[in-house]
Amino acid sequence: MREASRDRLKAFLTLLPSIILIGIFVYGFIGNTIWISMTDWGGDGALALKPEMNFIGLDNYRDLFTGFLSSGFRQDLVNAVYYSVMLLAGAIGIGMFIAILLDQKPKGEDVLRTIFLYPMALSFIVSGTIWRWLLAPQGGVNVLPTYLGLPPLNFEWTSSTKAVLEFNWQNLLQIFLYIVAFVLILIGLWALKKRPCRAIKFWLGPGVVIGAFAWLGGSMLPEALFMEENHGFNLATLGIIIATIWQYSGYTMALYLAGFHGISQDLRDAAMLDGASSTSYYRHVAIPMLKPITISAVIILSHISLKMFDIIFAMTGPDNAQTGHPALTMYMTTFRANDFAKGAAIAIVLFMVAAMFIVPYVVSQYRQRTRG
Amino acid sequence: MKKSLAKLFLAFAAVLLLAVPQVSQAKELSGNLEIFSWWAGDEGPALQALIKKYKEQNPNVNVIDATVTGGSGVNAKAVLKTRMLGNEPPDSFQVHSGQELIGTWVKADRMEDLTFLFKEEGWMDAFPKGLIKLIGTDKGIWSVPVTIHRSNVLWYVPANLKKWGVTAPKTWAEFLTIAPKLEKEGVVPLALAENWTVNHLWESVALASLGADKWDALWAGKLRFDSPDVVKAWELFGKILKYTNADASSLSWQQATDMVITGRAAFNIMGDWAAGYMSTTKKMVPGKDFGWAASPDTSGEFMFLSDSFGLPKGAPDRDNAIAWLKIIGSKEGSDAFNTLKGSISPRMDSDLSKYNAYLQSAAADFKKDVVVGSLAHGVAANETFMGGFSRIMEMFLKTHNAQAVSKACQQLADKAKIGK
Numbered sequence: 033m034r035e036a037s038r039d040r041l042k043a044f045l046t047l048l049p050s051i052i053l054i055g056i057f058v059y060g061f062i063g064n065t066i067w068i069s070m071t072d073w074g075g076d077g078a079l080a081l082k083p084e085m086n087f088i089g090l091d092n093y094r095d096l097f098t099g100f101l102s103s104g105f106r107q108d109l110v111n112a113v114y115y116s117v118m119l120l121a122g123a124i125g126i127g128m129f130i131a132i133l134l135d136q137k138p139k140g141e142d143v144l145r146t147i148f149l150y151p152m153a154l155s156f157i158v159s160g161t162i163w164r165w166l167l168a169p170q171g172g173v174n175v176l177p178t179y180l181g182l183p184p185l186n187f188e189w190t191s192s193t194k195a196v197l198e199f200n201w202q203n204l205l206q207i208f209l210y211i212v213a214f215v216l217i218l219i220g221l222w223a224l225k226k227r228p229c230r231a232i233k234f235w236l237g238p239g240v241v242i243g244a245f246a247w248l249g250g251s252m253l254p255e256a257l258f259m260e261e262n263h264g265f266n267l268a269t270l271g272i273i274i275a276t277i278w279q280y281s282g283y284t285m286a287l288y289l290a291g292f293h294g295i296s297q298d299l300r301d302a303a304m305l306d307g308a309s310s311t312s313y314y315r316h317v318a319i320p321m322l323k324p325i326t327i328s329a330v331i332i333l334s335h336i337s338l339k340m341f342d343i344i345f346a347m348t349g350p351d352n353a354q355t356g357h358p359a360l361t362m363y364m365t366t367f368r369a370n371d372f373a374k375g376a377a378i379a380i381v382l383f384m385v386a387a388m389f390i391v392p393y394v395v396s397q398y399r400q401r402t403r404g
Numbered sequence: 002m003k004k005s006l007a008k009l010f011l012a013f014a015a016v017l018l019l020a021v022p023q024v025s026q027a028k029e030l031s032g033n034l035e036i037f038s039w040w041a042g043d044e045g046p047a048l049q050a051l052i053k054k055y056k057e058q059n060p061n062v063n064v065i066d067a068t069v070t071g072g073s074g075v076n077a078k079a080v081l082k083t084r085m086l087g088n089e090p091p092d093s094f095q096v097h098s099g100q101e102l103i104g105t106w107v108k109a110d111r112m113e114d115l116t117f118l119f120k121e122e123g124w125m126d127a128f129p130k131g132l133i134k135l136i137g138t139d140k141g142i143w144s145v146p147v148t149i150h151r152s153n154v155l156w157y158v159p160a161n162l163k164k165w166g167v168t169a170p171k172t173w174a175e176f177l178t179i180a181p182k183l184e185k186e187g188v189v190p191l192a193l194a195e196n197w198t199v200n201h202l203w204e205s206v207a208l209a210s211l212g213a214d215k216w217d218a219l220w221a222g223k224l225r226f227d228s229p230d231v232v233k234a235w236e237l238f239g240k241i242l243k244y245t246n247a248d249a250s251s252l253s254w255q256q257a258t259d260m261v262i263t264g265r266a267a268f269n270i271m272g273d274w275a276a277g278y279m280s281t282t283k284k285m286v287p288g289k290d291f292g293w294a295a296s297p298d299t300s301g302e303f304m305f306l307s308d309s310f311g312l313p314k315g316a317p318d319r320d321n322a323i324a325w326l327k328i329i330g331s332k333e334g335s336d337a338f339n340t341l342k343g344s345i346s347p348r349m350d351s352d353l354s355k356y357n358a359y360l361q362s363a364a365a366d367f368k369k370d371v372v373v374g375s376l377a378h379g380v381a382a383n384e385t386f387m388g389g390f391s392r393i394m395e396m397f398l399k400t401h402n403a404q405a406v407s408k409a410c411q412q413l414a415d416k417a418k419i420g421k
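Chains as they are written, first to last, in the working numbering: chain X, 33 to 404; chain C, 2 to 421.
It should be emphasised that the hints constitute simulated quantities derived from the structure, not laboratory data. Yeah, the Cβ is synthetic: ideal placement off N, Cα and C, and Gly gets one too. Treat the hints with care, since some could be wrong.
Claimed, not checked - Label-pair ranges, simulated between beta-carbon atoms:
| id | chain 1 | residue 1 | chain 2 | residue 2 | range |
| --- | --- | --- | --- | --- | --- |
| 1 | C | ALA67 | X | TYR59 | 32 to 38 Å |
| 2 | C | ASP320 | X | THR146 | 51 to 57 Å |
| 3 | X | ASN86 | C | ARG225 | 25 to 31 Å |
With the sequences and hints as input, model every part of the structure.
Now the structure itself:
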């Protein structure tokens, strides 16, 4: 018993320095940013050694989501969602596909693996510059068909002003309710197998009710803005999404390949003996077994998608509504417009979005551990 | 005895008098000098010419040329701010004269008053009174101007215009009539580049639409941004944008100028650093290989901007920085720099024979035209407005809604305390 408590003390003392450092340099600064985001630090004289700051509560946030001048930020937020979803789907899909191909042990597997993994070694700013050149309207990809005697493409990969899947930000509340309903129903369906009664009572039921209300009574809800403001999936982001997928599918490939190699050959042979085809082996055996890998890939990639700053900066520059991203807006608001409080508020919004990805994961991990 | 003592004192005083100026002149500066600017690429040689002059006079000073690239200083300004916030200022940094300097650094009490230098070097008379007023406040003078640039210039290649059978438009109405003709020839009527050049185009169009008096009233807070006059300017701007290249956002200003040089586009509105690019980098002869005019509807108006250097409080090598400021404010330094950069000297006594044909004409215009401040380059408004304006411009490029952006501009002006 005494031995154990001494061990605990030792462990605590060993951890203490990092606890203090992380406490100050991570959580302390997050706290400081939250504080700044609730002040009015900005404008003239914002860069003084002791700038004037007054507490204004949540005004900065209200302005970001409903203010007239912040429509650019809202478009960026919508862009960020599309960036995340497309990067996840693209990088995981393509990465898994390449991994399955390489798992067939083709000739020169090592060389191929290195080739596919290589883009990861480049920094975003380098690959951004390469792709900016490749996707230039009068060059690169667009002139490829001319080598086959076809007319050149004229798609504006990074400068198109067209958008699809548009929605009106005025209906912010309705959209929010849809999202809530969607999440509730999703959780309900997930819990349905284990505890059907609880699932219906706490998740599915309320989800359906809220969804129905948003659908039927949406027009009665107050509108967030006084004028129509449409946001959608900007086609100019396609170029950047392609470049990011190119860079990160090698990474997911490496993850999956390691996972596939870790599955014992016996299991595969057994599946094959039972009459499984190659496709059904991957579909029913290998990929479900790699669920932890998929989850960690999703989390890492979604974080990368929130940090897509340098590649956008390199490909389309800082002021580009079509390809904007909250991270860029944060930088420009803070360091160009000297609006430090608003910049901090954007940073906190981004932080919250990141937490949305990581917190459920951490919670589920923790639960599994305590259960097991 | 008393006499001899007095004599001794006198002799001593005389020696002192003789020695002191010599000491101060012979005082060798050493150590480092860090110059922070965004002059790289095509503007690099001009900065190097200045640094060379400095090294001639102060051979023992190690000059650190801290340049951060990016048109109109977008990146450099951000890097500078992080350094200043971290209390690590460079010895001297480049800054646009006017509100950009005053609203950011002077209001934050981060700059040293340079009035003493202006008096010592006789610059009070060398620079135009109007300019000194713009770079100073009632508390002092805050920077040493190196250049005067004109922002409202229309560039073209005379031979190409002849080929297409058009002349440089004097008014926007004229431009709008010849533009469809040019498009039929497969030529982009007006070359445009990334976002800040769009702001640059806007200020020329707005000046054309408003006129110099209303333009000034706008920045003095006497004309509202949502007034019909400004809405009209935005509407005109929208019409002009239709005749620009669709890939603008992925081009740099040099690439837009290249479009004019190679005949893919007919015109480009850019500041007169484009003249420096064409004559220094592209070796074109002004007046023959490329032509220019005041941007439509703005002849007789000179929209100016000025690059200058200031002395931050707490500069680590203050003496070296002051020696640097003396060089850039001097006639020789100014003429060495501006002839290469493609701008005119802010000094009234500059040697015009050293400048090329374009710059001579610009210098003549500067003396006789109505001078107004540029928005895109920091003279007219502080950074809060400028930063927000870029976002509003994005909004306009997407929606083309003149009413909405005018309203947004007014909100922004209130927030940035324009004219207050």
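Could you say whether the range 32 to 38 Å given as a hint is met by the Cβ separation of ALA67/C and TYR59/X?
-> holds, 34 Å
Just tell me: holds or violated, for the beta carbon distance of ASP320/C and THR146/X against 51 to 57 Å?
-> holds, 56 Å
In this structure, is the beta-carbon distance linking ASN86/X and ARG225/C contained in 25 to 31 Å?
-> At 27 Å between Cβs, range holds.
Comparing the model with each numbered hint stated earlier shows that all of them hold.
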